Structure formats: structure tokens, C-alpha cells
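Participant: Each chain, written out:
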Amino acid sequence: MSSAAVATTDAGAPVDLDNIRIDYPDGPAAQIDLKVDPGEIVMLLGPSGCGKSTILRALAGLQPIAAGAARIDGLVHNGPEAHCAMVFQEDALLPWRTARRNVEFALAMRGVPRRERKQLALALLDQVGLTPFADHLPKQLSGGMRQRVQLARTLAAEPRVLLMDEPFGALDAQTRLDMQELLVSVWQQRRTTVLFVTHDVEEALLLADRVVVLTPRPARVARIVAVARPRDPDAQLHPEFALQGKEILALLGHGQFPSH
Amino acid sequence: MTTTQERALPAVPVAEAPPIERVHPSPGRGGLAAVASRSLPIVPIVGAVLVWHLLTRYDVIAWVRFDKIPGPLDVYHSLRVQLETAEFRQHVVSSLRRILSGFALASLVGVVVGIGIGRSKVVAALLRPLIEIARPIPAIALVPLAILLFPTSEQGIVFITFFAAVFPVTVATIHAMKTLPLVWMDAASTLGARRRQVLFHIVLPGAMPAIFSGLSVSMGVAWICVISAEMISGQFGVGYWTWMSYSLLDYSGVVAGMLTIGAMGFTTSWLIERLGRRVNRWLPGEAR
Ligand SMILES: Nc1ncnc2c1ncn2[C@@H]1O[C@H](COP(=O)(O)OP(=O)(O)OP(=O)(O)O)[C@@H](O)[C@H]1O
Ligand SMILES: [Mg+2]
Chain V
31 MSSAAVATTD AGAPVDLDNI RIDYPDGPAA QIDLKVDPGE IVMLLGPSGC
81 GKSTILRALA GLQPIAAGAA RIDGLVHNGP EAHCAMVFQE DALLPWRTAR
131 RNVEFALAMR GVPRRERKQL ALALLDQVGL TPFADHLPKQ LSGGMRQRVQ
181 LARTLAAEPR VLLMDEPFGA LDAQTRLDMQ ELLVSVWQQR RTTVLFVTHD
231 VEEALLLADR VVVLTPRPAR VARIVAVARP RDPDAQLHPE FALQGKEILA
281 LLGHGQFPSH
Chain P
58 MTTTQERALP AVPVAEAPPI ERVHPSPGRG GLAAVASRSL PIVPIVGAVL
108 VWHLLTRYDV IAWVRFDKIP GPLDVYHSLR VQLETAEFRQ HVVSSLRRIL
158 SGFALASLVG VVVGIGIGRS KVVAALLRPL IEIARPIPAI ALVPLAILLF
208 PTSEQGIVFI TFFAAVFPVT VATIHAMKTL PLVWMDAAST LGARRRQVLF
258 HIVLPGAMPA IFSGLSVSMG VAWICVISAE MISGQFGVGY WTWMSYSLLD
308 YSGVVAGMLT IGAMGFTTSW LIERLGRRVN RWLPGEAR
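Read top to bottom, the protein sequences are chains V and P.
This note's numbering applies: residue 31 is where the first sequence begins, and numbers increase by one.
This note's numbering applies: residue 58 is where the second sequence begins, and numbers increase by one.
Bound conformation, chain V alone:
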């Protein structure tokens, strides 16, 4: 509501994966047909090695698409696009830059004037709770802290599509909750389209509008679960939550015997 003015220019872009196939030399890694609405949060779930990272990389323009077309905001892109920033599963910080300078790098690439970068970077680091560590090199930070710096850096790019590859996997429960809240609050301000890979069914149900469950490699859409109460803090108290969780686990091959 309050973000109506922002929404017109900065809001999330629609993403249309029109029957795309992504290949590695040893065969196809993913075959996906999926439409994501502007400002929607879609969680991708699937077994390890099924091709989740590959799909995000293709969307970020880092991986060639063998067939079909990926359209962002209606445009087929070839090559990395600034409006599709990505939080990588692996450690993607520049090790020679401090936390603050890593965030400033994203600001610089976005064209923010030099004078304004420091303040903005510090504000973003504050959001992820890393103010005291602004001047630390990545090697002096824990894995979870580095992941949070990456989140701050990615947000600094103000992307219209946010690709997140298991960003909170290395965090403790409390920090993880904080980061999820942060993501939701950033999303509420900017209505960024989010494609989020996770292994955590609960996380998926808490954050998503829709949960896309993928098959083992090559990743195909096994099922799309529309979340009953997206981002409702009390969602967990409702029976649908547990049911949907069970349904997803069953698809992933865990709860094969949903007897009760």
C-alpha cells in the first residue's frame, strides 16, 4: 500500500520460463515450464543435484538455454542482466574487499555516485545485522555472516528479480528467522519477484506464494502447491500448513506413508 509509488518503477518483473531446457555436456539438467507473476515469491524445492541451481543460473544469464525461452519482463535476454541479481549457494564474496566494500561494489555497478555508497552500504549491512563487521574481510566472517553480506550485496543491486540459492542454509534458527523477516520486509517495500531455492519445506511454506516441487535430474515440475496463507505469521497454526507440508514431503519421497 505504502509502496504504491515505488511499485510502478521498481516493482518485480514477470518471469516466464517457456519450456526451457538447460543442458550440460552429460545430458539435460532441467526442463521447466513455469510462469511467475510480478512480485510473486516462488520457492523451488527438489532433491539434491536435480538442477535447482542450474535453473537460477540460467535465469541470471550465466548458463545457456538449449531450448525454449526465458522471458523477464517479456524480453528474452542473453547474458547476465543487472535486474536479475543472485545470492549464490557458494561463497561469492570478493575476498579482498571488506563486507562494506563488497556491498559498495554492487552499488557502484548500479551507478550509485561514490559519495553516497558508504552510507547506503552501511545501512544495508545494518539490515542484515552486521554493522560491527562492516570493515571485516570475508575470511574473518563466519559462513552465515558471509551469506548475510551476500544478501546485503544482492539487495544493493535493487534487482527486479531476486534469485536466491539456499541463502539461509548455513544460518542458526534465530538468524534464519531474522533473515526471513528481512526478506519479507524488503519484498513488501519493493515487491521484487523472488525465486528462492531451499531444502526446508517449512521455510518454503512460510515465505512462498507458490511452492514448486521438482523431480530428480533433469528437473521438471512435479507439482505446484499454492500456499494457503502466504506469509501469515500464524499460518503454522492452521491445519492446511501441516497438510501442505506433508504433501510436499511426500512428493520429495520422504513421508511415503501419510497414514494419519
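These are calculated hints, taken from the structure and not from any lab test.
All values derive from a computational prediction rather than experimental measurement.
Note that beta-carbon positions come from the ideal geometry of N, C-alpha and C, so glycine has one too.
Check before you lean on any hint, since a few could be wrong.
As the list claims (entries may be wrong) - In silico DSBU-like cross-links for lysine-lysine, where the CA-CA straight-line distance does not exceed 35 Å:
#, chain 1, residue 1, chain 2, residue 2
1, P, Lys178, P, Lys235
2, P, Lys125, V, Lys169
3, V, Lys148, V, Lys169
4, V, Lys276, V, Lys65
5, P, Lys235, V, Lys169
6, V, Lys148, P, Lys235
As the list claims (entries may be wrong) - These stretches of chain V come out as covered by chain P in the derived footprint (C-beta under 8 Å, 3 or more residues):
#, stretch
7, 88-99
8, 136-146
To be verified - Ranges between beta-carbon positions, derived for each pair:
#, chain 1, residue 1, chain 2, residue 2, range
9, V, Gly141, P, Arg176, 52 to 60 Å
10, P, Leu183, V, Ala99, 31 to 39 Å
11, P, Gly88, V, His229, 48 to 56 Å
With chain V held as given, fit chain P with the ligands onto it using these hints.
Facilitator: Relative to the frame of chain V, chain P with the ligands by itself:
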């Protein structure tokens, strides 16, 4: 040959024994172990100088002949005298100027060519074979050509130094291009970095550790070449001066020249090492 050599050796431990015993029992208050470990590097140095002194003082002749070799005191004297003279300092400056121009040029060309080869298939196809042909040629074998090619021997010497120093940097840089983690480049390009920005913000800083290890190798071979080239064709420089001293039978001068070259080599390597540590202090192994 080996048997005569072995016969000469017993003189060494006999001469070396006393200083070791004299250095060790000097227990300070900071603990015997600390004193011992701090004085440990000095022991072999003092020992070597003492052996040198004794061998030359008594003109030992045992297959190798020390009768014409100057002793440490002669050399010290010669060095003191030379360092006072403007002429000698001029020679030092000449050598330094040559090595620094050759080395700077080699660093620049090596890094640029290395990045080009490492990042562009076309540049690699163009330059790789040429480099592989030229690389095995010892730079010093180019002296005759350099004399013919260049109007002054000055330029020839810088060219030879450049030729020697350029390959280690180039090879190290090419190697660095292959080992850069792709995720750095991926992250930068999803943040909107263009090719140029990736080059200056990711590739160059990320390759610095490898580049610096190439640079320290280059500095070593650059000194070898500067000095040899000066000895063969120079009119100035410490190499030339050292060779001249030999021709003039000033053997203390020869050793003084050697030590000067050693000191300059040590200083330049140390500077590169320091600079490298500063630039690459983000490496996991470097304490901050
Ligand atoms: N660069 C590559 N070259 C060849 N094959 C690759 C490459 N990267 C990934 N693969 C293969 O593609 C498949 C999908 O990999 P991907 O990284 O997308 O999996 P993922 O779903 O993200 O797994 P995880 O949940 O463990 O992160 C895997 O079988 C992997 O072996
Ligand atoms: Mg992955």
C-alpha cells in the same frame, strides 16, 4: 675428486667448533630458548665468515686454492672505500636503473599478455606458440643479437633483462586466469559489471597472488641477466665493475661487487615480497 674434497673438509668443523660454543652459553633473562632461537641464524653466518677468514688467512691449498682469494677483512675494506666513491655509486645506480626498467616493462607486458592469453582464445592462438618458442632461449644468449640490434648497449641490456623477466610473469598470469573461481565473475556480472569492470575489479585483484609469485621469480632472473649482460657488454654497472676488478686483479673488489649485487638483489626481492603481502593480505594464510 671427491676424495680430495673430503680431505679438505675436516678443516671446517674444527674451525667452526669454538664459535658455536661461544655463542650458545649467553643466557639472557628472556629465556634460554628465545635467545637460542634468535641467535640461531647468526651462527652459520658467523661460522662461514670465520671459515672464510681462516682459509684465506692461512692460504689453504687443498685441491681448491685460497691463496688468491681475498679475506673478509680485505673485502670489508674495499667495500668501505668503494661506497665512498661517486663512481661506484654511479655503477650501482646504473644497474638499478636497468633492472627496474627491464623489470617494470616485463611486469606490464607479462600481465597484459597473460590476461589476454588466459581470457581470449584468439589471443592464445596467436601468441602461445610464439611464447613457447621464445621461452626456452636463455636471455643471455641474446647478447650478441642485442649488441647488433640496439644503438646503445644500455638499451640492449634493458632488452635482455626484459626478455628474461617477462616469461615468469606471463606464465604465472596465464595460470592465474585458469584458477580464478568462476563464482566471482558470475557474481560481478549478475550485479551488472561489464567486461572491463570484471577485468579491473575481479580478474586483476584475484590474480594478484599468482602475479606476485611470478614477479619474484622474474626479479631473480632479471638480476642474473643484468649482471651477466653488464659483464659481457656493459660500460657501467656493478656487473661491469666486478668484471673490471677481476681484469685489474683487484680480487677484493670482485667480492665487494658480488656482495653489492647480493644486497641489491635481496632488497628488490624483499620489496616485492612486502608489496605482495600488502596487496594480497586477504589470502587465508595472511594474518591481518
Ligand atoms: N558445470 C557443470 N558441468 C556439468 N554438470 C554440472 C555442472 N554443474 C552442475 N552439474 C550437474 O547438473 C546437475 C544439477 O546441478 P545443480 O547444481 O543445479 O543441482 P542442485 O539442484 O542445485 O543441487 P543442490 O541442492 O545440491 O545444490 C547435477 O547432477 C550436477 O552434477
Ligand atoms: Mg544447488
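Participant: Decide, hint by hint, whether the structure agrees.
Facilitator: Tested hints:
At roughly 13 Å between alpha-carbon atoms, P:Lys178 and P:Lys235 fall within 35 Å of each other, so this suggested pair holds. Distance restraint check for P:Lys125 and V:Lys169: the Cα-Cα separation of roughly 57 Å exceeds the 35 Å cut-off, and the hinted pair is therefore not satisfied. Between the alpha carbons of V:Lys148 and V:Lys169 the distance comes to roughly 21 Å, so the proposed pair stays at or under 35 Å and holds. Restraint check: the Cα-Cα separation between V:Lys276 and V:Lys65 comes to about 25 Å, which is no more than 35 Å; the hinted pair holds.
Among the hinted pairs, P:Lys235 with V:Lys169 is consistent with the structure: their alpha-carbon atoms are about 22 Å apart, no more than 35 Å. Restraint check for V:Lys148 and P:Lys235: the C-alpha separation of about 33 Å stays at or below 35 Å, so the hint holds. With a threshold of 8 Å between beta carbons, the proposed coverage of the stretch 88-99 of chain V by chain P holds, since 3 of its residues qualify and at least three are required. For the stretch 136-146 of chain V, the stated coverage by chain P holds: 3 residues have a C-beta nearer than 8 Å to a C-beta of that chain, and at least 3 were required.
Range check, V:Gly141 to P:Arg176: Cβ separation about 25 Å, and the 52 to 60 Å hint is violated. For the hinted restraint 31 to 39 Å between P:Leu183 and V:Ala99, the CB-CB distance of approximately 36 Å keeps it satisfied. At about 54 Å, the beta-carbon gap between P:Gly88 and V:His229 stays in the expected band of 48 to 56 Å.
Checked against the numbered hints listed earlier, the structure breaks hints 2, 9; every other hint is satisfied.
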